[in-house]
Amino acid sequence: MTDTSTPLVEIRNLSFARGDRMIFDGIDMDIQRGKVTAIMGPSGTGKTTLLRLIGGQIKPLSGTIKVDGIEVTKLSRSALFQLRKRMGMLFQNGALLTDMNVYDNIAFPIREHTQLSEKMIRTLVTMKLQVVGLRGARDLMPSELSGGMARRVALARAIALDPMMMMYDEPFTGQDPISLGVLVRLIRELNDTLGLTSIVVSHDIEEASSIADTIYLLSGGKVVAHGSSKALHESGSEWAKQFMNGLPDGPVPFHYPAIDYAEDLLSAGSK
Amino acid sequence: MLNFIQGLGHSGLTFFQRLGRANILFGQILAGVPGILLRWPLIIQQLYYVGVLSVLIILVSGFFVGMVLGLQGYNILVDFGAEETLGVMVSLSLVRELGPVVAALLFAGRAGSALTAEIGLMKATEQLSAMEMMAIDPIRRVLTPRFLAGFISMPLLAAIFSAVGIMGGDFVGVGLLGVDEGAYWSQMQASVDLYDDILNGVIKSIVFGVVVTWIAVFEGYDAIPTSEGVSRATTRTVVHSSLAILGLDFILTAIMF
Amino acid sequence: MMNTRKTEILVGLFIAAGLVALFMLAMKVSNLNIYSDDSGYEITASFENVSGLKVKSPVEMAGVRIGRVSDISFDGERFEAIVKIRIESKYNTLPKDTSASIYTAGLLGEKYVGLEPGGDEENLQDKDKLKLTQSSLVLEKLISRFVDSFIDKDKK
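Chains as they are written, first to last, in this note's numbering: chain S, 1 to 271; chain E, 1 to 257; chain X, 1 to 156.
I should point out that these hints are in silico values taken from the structure, not numbers from a laboratory. Some hints could be false.
Said to hold, decoys possible - In silico SDA-like pairs for lysine to any residue, Cα to Cα no more than 20 angstroms straight-line: (1) S:K59 / E:R21; (2) X:K54 / X:F79; (3) X:K56 / E:A190.
In isolation and in its complexed conformation, chain S is listed as follows (with noise of 0.2 angstroms):
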C-alpha cells in the first residue's frame, strides 16, 4: 500500500508553545520504519509533547505531522482513534488501570476493540505475557508490582493489538540495573521480532544509544544534532559532545540566566 522506503512518521516545520514559551520552533524529524530512534535532550525540552504530537493527543501549532502517509494534525477524533489503534505507547509510570489485575489490563484493549471470545483473549493475553515474561503476575494488582514490572505490563498492554509503532515515554527512568537490562532488551526484541517502528523518548544517554539506530537530539526547541549514536559522539558539535559526555558546563550552561553574580551580591547590600 504506502511505499515501504518512506519513513513511518514524518515531521515538518512542527512549532508547539505552551503559554508564552516555544516548546518546539520549527523542526523536522523522520522516523524510518523497522528502526529504533532514540529523542534525546535534556530536561524539559518537551520530549514527551512531541510523543503527545504524533499521537494526535494535542495539535501543533503550525507544521504537519504525517504517520504512515496519513496527515494527523487534520484527522477527524474517528480516524485519529482508527489510526491510534495501529500505535502503542508506553507511558512514564505504565498508567496501568488501578481497578484491574494484570490479566484485565492487557485485556483492556483487545476487549474494547475486537469481539473476540474469551478463549482467544486469554490465548492473546498469555502470548503477550510470555514475551515480557510476567506469565505468572497475571492475577497481580498493578499496586503488588515493582515499577520495572508495571512498565512491563503496560508494554505487553501496548503491543496486545500488534501496533505498527510504538513510542516509549523515559522508559528507563527509576528503574534499577537488572529491570533496566531488561527493558532495553524487550525494546530492541519487540522492534526486531515483530517488526514494528519504536521511537523512545529518554535522557539516558547509554542505553538509548546502545538500542538506538538513530538518535535525535533537541535542545531549545529545535533539533540540534541527528545521526546514529557513533556519528553523534564523534560529531563536532559542541552541544552534542555536551549531551553525549554529560559534561555539565558547555553551550547548555550551568547556571541559569541571571544578572551578573558580582552585581547581584553587591545589589543584595545595599538594600
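Using the hints, position chains E and X against chain S.
Quick look at chains E and X alone, frame taken from chain S:
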C-alpha cells in the same frame, strides 16, 4: 483597588470558563449514554461503587434522623395534644426535604468525593491519557458509566433514607414514647400524597443525583493532575455539590410546593 | 475486576432495597390514589361555609372513604360555596336524599365531607345535587355562640 477589581475579573473569567467546560463535558457524557447502555456490566460495577457502598451510611443516618425527628416532633406536638400527627410530621419532613437533601449531602461526601478522587488519580497517573492512546474515549468509558450510576443510585438512596427514617420515627414515637401506632400510620397516610409529596421528593433526588455526579465527575476530569490538585478537586466537589444541593433545593421547593 | 458475581448480587440487592423503599413510601406512607379523576361519578352540593375544606379532601360515609372533593367554587348569585364530589363508581347505590356535612377530624385535624344516607328508593346519579347540607363548623362562631348563651343566661 485596581488589583481587587482585576482579581474579581480573573475569578469571574475562570468561573465562566470552568462552567463552559463543565457544560461541554456534560454533553459529551450524555452523548456516550446510548453506547454504554448496551454494556450493563460497566454500569453494574459502578452501581456497586457509587450505590452499594453508600447504603450503610444512608441507612444509619436515615434511622438516626428519623429518631431525632420523632423525639423533637413529639416534644413539640405533645404541647398541643396533637402527638397523633407525629407520623405526618416525620414523614412529610423526610419525604419532601430531609430525604432528598440529606441523602444527597451524604452522597456527595461519600460517593462524590470518591468519584473525583478516582478520576483525578486516573488523570494524574496518565490512565486517561493511556486510554486515549489506546483509541478508547475515556469520557465514554470512564465518566459516562459513573454518571449513570449516580443518576440511578441517588433516588434509590433517598427513598431508602426516607423509608428508614420513617421507621426510625416509628421506633421512637410509637416504641418509646407511646404514640398510638395506628394513628402514626393512618394520619400519615391521610396527609401524604403520592404525587405532591413522594413524587416531588423523587424528582428532587433525581435532580440532586445528576448535579452531584456531574460536579464530581467534572472536578475529577478537570483536576490538575498532581496529588495536590486532586485533593483540592475532592474538596471542591464536596463544597460545590453541597452548595448546589441546598440552592437547588430552595428553587425546587419554591416551584413544587 | 473484582468478583463479578458478588458485585452483581450486591447491586441487585441495592436496587431491590431502593425499589422496596419507594414502594413502601407509595403504599404505606401515602394514600395511593388508585382511582383517577375520571372514574366514578360526580355530584354537587352547596354549602353556606366550607372553610378549611380543600380539593382532594376525603369524602366519607360511615367513616369509610368513598370519594374525594374534586372542585370547590363560589356561586356569586346565592353567595354559597359549590363543592363537587367525586364518588367511586362501586358506591353507586347511595339514596337520592343523602345529606352532606363538613366535619373536622379531631379538634385540629383536617376537614372532610361526611355523607349520611336518607331513605329514598332512587339512587344518586352523575351530576345530581345534594339538597340537605350542613356547613363547616367555624370555631370562632361556635365559641361566640357559646359565650353569647352565657351572657343571655346572666340577663335572665
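Here's how the hints hold up against the structure:
no. : hint           : result
1   : S:K59 / E:R21  : holds (18 angstroms)
2   : X:K54 / X:F79  : holds (18 angstroms)
3   : X:K56 / E:A190 : holds (11 angstroms)
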